[in-house]
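Given two chains presented individually in distinct reference frames, assemble the corresponding complex, making use of the accompanying hints.
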Amino acid sequence: MPVLSNRVQCLVTGEQTLRFVNLCRNNGIELRHLIRDDNALQIEIDAKNFKKLRPLVRKTHVKIHILNRQGPAFFFYRHKKRWWFLIGAAACAGIIYVLSLFIWQIDIDGNSKYTEDLILQALAQMNVKTGCRKSEIDLPKIEEELRIMYNEITWVSASITGTKLQIELREGNLKTSEVSESGPADLVADEDAVITNLVVRQGTAAVHYGDEVKKGDVLIKGRVFIYNEDETLKKVDYLTADGDIYGRYQHIYEKNYRRKHEVREYKEKTWMILALEAYGKRIQVPDWQGIIRKMSAGDRMEVWSWSKHFRLTPTFYLPLAVQYTEYVPYRNTIQNYTDDNLKTMAAKDLEKYLNELEKKGVQIISNSVTISLDADGGHVKGTLILDGPIGKEVPISSEHMASTRHNE
Amino acid sequence: MMKQHKRFVQNQVQTHFSQKEKKKYPFWKIAMATFFQVPDETLVTLPVFYGVGRHRLQVENYSSIQIYQEEKIVLHCPKMSVMIVGKGLQITRLNEDDVMIEGDIKQIEYR
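Which chain is which? The protein sequence lines are A and B, in order. Following my numbering, the numbering of the first sequence begins with -8 at its first residue and continues without gaps. Following my numbering, the numbering of the second sequence begins with 115 at its first residue and continues without gaps.
Isolated chain B, as found in the complex (with noise of 0.2 Å):
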């Protein structure tokens, strides 16, 4: 009963994982920045990775950390979540811009 007032509905916290939310991916965005010759990332926010080697990786717009282990990294990120796995991982900085990664990355994969 309690779960149902529309007070309750209005103040619960809307979580990143709505199936709405994810299906919102902007490609008419994206497609209007390639059209006027603009980054992406200046339209669309979007995760952006800048990698060196298969050692160190670092994302910028990301929402929040869903997982932190040694072998998989789980970032929120707008419009999905990426999955990175690997080795030894760790978040060697994390700030309001940017995560900084680093280990053996084997693998990323976008959810």
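The shape of chain A in the complex, shown without the other chains (with noise of 0.2 Å):
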């Protein structure tokens, strides 16, 4: 049953009810939600079909009493003389076909290095922004001409759902460890430590188990000796080190607090301005009270704002946006932490570098870090022992490379 049928729920009443049922069942009348009530029958019927109950009723010798009528043309003909309203309803069905002719949103996803800004200025030299027509837009050249004019993006979709541009992007990923794909290099020790573990994955170790290392110390030579069957030397084949080597080593913590800080003091009343922005003219309500009010030398002012954007559906976008901004004026003034307070926030900024090391894979053997508080504030100091990954990539010379190879 569509939603918007005309019907029409009469009562039918006499004695012969289920048979003008079933007659109607035969002359192929549909009937719905029929409630029964001792001898009458409450029936729910299309408005088409009712002229042709008359032979029906004829026959059976009920009677139909119309309850209720229900659909648009009984609608409109109950309201034929409010003329006015049926043209309200005429032109707002009429504006809102104009504005769904239009683009008045535009989104963009998947971009971290490029704006939005810089990706809606390209698009603004295609002629496309808001408020231009749906039809004029060609999708596939978008596509085609962001990809062209920016580098970095390998994969463009735009797609229009109603009002609303789409456009989702994937930027090229950036090379992270340069060093280990631009050429050779050894594995260099980053801390002095006692090495605990050593696994080799490619290249020739250069320490052994408990060997004690300097910072900067070779732990893994990003080169391979082959030899001669008579043990001289035959080549080097340079490469880029690779291998976990753990150590143990010991780390300065040194954190220092300042018992006095700036807090901000929020004593003024706050006040907001609603503005009207509509296909970018934007229609404001006086600021009355940051006119009126003095500023004085040490005020300052938070500025909260943002924007609703108007839309019938999901993805039907209004030209319409009320911009909502909030002035939170406040003072800065100069408070002095307390000792527990220092104490408290000392131990869980150590609480979360000790976490963060630990998910990083160092394991905490030892851990003297002490707090101490005096009249400026607190620091804390101590020495942290620790076993984990000691390596990081050095890229060997191209000098050193050509040099060792004269030498073969």
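These aren't lab readings, by the way, just hints derived from the structure by calculation. Computed from a prediction, not measured in an experiment: that's the story for all the values here. Using N, Cα and C, we set each Cβ at its ideal position, and we do this for glycine too. Don't take every hint at face value.
[Claimed, not checked] Residues from chain B that face chain A, not an exhaustive set, calculated with beta carbons under 7 Å:
1) Ser178
2) Arg207
3) Asn209
[Unchecked claim] Short, incomplete list of chain A residues facing chain B, as computed with Cβ under 10 Å:
4) Thr8
5) Asn17
6) Leu25
7) Leu32
8) Phe301
9) Leu303
[What the hints assert, rightly or not] Computed far set for chain A versus chain B, every beta-carbon distance over 12 Å:
10) Lys54
11) Phe67
12) Gly122
13) Trp146
14) Gln157
15) Thr187
16) Thr195
17) Gly234
18) Ala266
19) Trp297
20) Thr306
21) Asp331
22) Lys351
23) Ser389
Rendered as structure tokens:
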């Protein structure tokens, strides 16, 4: 049953109501919501079938009383004298139709390197901006142009849903470890440590288990020595050293906290301004508070602003937006942390730091960090003995490689 | 005298409740349908029921409604009558092809 069908609700009374129903069925008249009440029967019927009931009513000697009439035809008939209302409804429908022909919102997804403004600028160069006609937009051309304009964009998809233009893009992955891909490299110690674990996947190990190494010492050489049968060096192959080297090392943890700190004090009354934005034009309520209010030297202001775009459906945006701006005046005051506050802050920071180390796979062997307090603030200092990965890649210089080849 | 007149007998409407019709359950047609692996309802006109839980029942291939009460609805179907017993039963749609019954259905009985 369509939602906007014209239907009549009526009451059938008489002796042969069931016969009437069966005759309706045999004549192909659909009945809905039959409610039985003694000898009466309430039915719902399509308005177009109502006239077909007359011969059946005569045959079965039942009486029909119309209880209710629903549907657009009855609605318009009932309101035929309110012509202005019908014109308004038609005008509203017309406006919605006209608005649906334009783009009122552009959404960009998946961008990290290129900002939204940059992509909107590029779209504006192609005459694609809010307020342009949907029929004038060439989606494949937008995709192609964006890929040409920005090299880092590897994939673009442009689609129109409702009055929204959706641009989804993927940017090329930036190379994270350029050193390893550019050429051969050694794995070098970045801490003074004692080796506790050694796994070499690529290269030649330069240290052994239990060795003491200094910062900058080579742990895994990024070269493989190939010897002849008479144990003379045949050649050296250069590659990127790879492996897991774990070492036990000391780390000095130090952090200072000042007792004095700035705190924002909100004492004055906040105020807000509403503005209506329609197709680039902004109508704003005058900022009387801002004009009347006297600003003194230390006064500062937090400005909170957000806008709400009107839409009929999740994708049918309208060219109307409400902007809400809230002004929150504040004054910076200097306050002192109490001893408890400082201790809590220091303990929290230390715990966070240790958790981060554990996440990186570093084992904490011992912790002798202490918190001391004085008039200025708090000082956290101590030594952590850690067991964790200690290698970092350092590229082998081309001069070094050339000299080695010369020696061969 | 009048009821025995041949013209009256000819014009008399055949009711659906005659014993003769009730006995004709088309077993052989069902057997044929089973043998040829085709749905029964394609060869034989028998009522077809589609139910949703115990609150909705759609009956296809019915002939007429014999009884319509809140607790009981009796449908006349080819070769049989079907009695639907329940609480607050209501026919929500009725047309040439099917009838939709809603309510708290407790029992469906074939007669």
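Structure-based check of each hint:
Restraint check, B/Ser178 versus chain A: the minimum CB separation of about 4 Å is within 7 Å; hint holds. Because the smallest distance between the Cβ of B/Arg207 and any Cβ of chain A comes to about 5 Å, under 7 Å, the interface hint for this residue holds. With a least beta-carbon distance of about 4 Å to chain A, the hint placing B/Asn209 at the interface is held under the 7 Å criterion. A distance limit of 10 Å between C-beta atoms decides the matter here; for A/Thr8 the minimum to chain B is near 8 Å, and the interface restraint holds.
With a least beta-carbon distance of about 8 Å to chain B, the hint placing A/Asn17 at the interface is held under the 10 Å criterion. For A/Leu25, the shortest C-beta to C-beta distance to chain B is roughly 4 Å, which falls under 10 Å, so the interface hint holds. About 8 Å separates the beta-carbon of A/Leu32 from the nearest beta-carbon of chain B, less than 10 Å, and the hint is met. Annotation: interface hint on A/Phe301 violated; nearest CB of chain B at approximately 39 Å, more than 10 Å.
A distance limit of 10 Å between C-beta atoms decides the matter here; for A/Leu303 the minimum to chain B is near 33 Å, and the interface restraint is violated. In this structure A/Lys54 is separated from chain B by more than 12 Å, as the shortest Cβ-Cβ distance comes to about 18 Å. Non-interface call for A/Phe67 relative to chain B: holds, since the shortest CB-CB distance, roughly 27 Å, exceeds 12 Å. Look at A/Gly122: its CB is around 48 Å from the nearest CB on chain B, clear of 12 Å, so calling it non-interface holds up.
Remark: the non-interface label on A/Trp146 is consistent with the geometry, its nearest Cβ contact in chain B lying 46 Å away (cut-off 12 Å). The beta carbon of A/Gln157 sits about 39 Å from the closest Cβ of chain B, which is more than 12 Å, so the claim that it is off the interface holds. Remark: the non-interface label on A/Thr187 is consistent with the geometry, its nearest Cβ contact in chain B lying 67 Å away (cut-off 12 Å). With 12 Å as the threshold on Cβ separation, the claim that A/Thr195 sits away from chain B holds: the shortest Cβ distance comes to roughly 74 Å.
Consistency note on A/Gly234: stated as away from chain B, and its beta-carbon is indeed over 12 Å from all of that chain's, at 65 Å minimum. A/Ala266, annotated as away from the interface, keeps every beta carbon of chain B farther than 12 Å; the closest lies near 52 Å. Even its closest Cβ contact with chain B, about 47 Å, leaves A/Trp297 beyond 12 Å, as expected for a residue assigned away from the interface. Here A/Thr306 stays apart from chain B, with its beta-carbon at least about 33 Å from theirs, past the 12 Å limit.
Every Cβ of chain B is farther than 12 Å from the Cβ of A/Asp331; the closest lies at roughly 63 Å, confirming the non-interface assignment. The non-interface label for A/Lys351 is consistent with chain B: the shortest C-beta to C-beta separation is roughly 56 Å, beyond 12 Å. With 12 Å as the threshold on Cβ separation, the claim that A/Ser389 sits away from chain B holds: the shortest Cβ distance comes to roughly 78 Å.
When each numbered hint is compared with the structure, violations occur for hints 8, 9.
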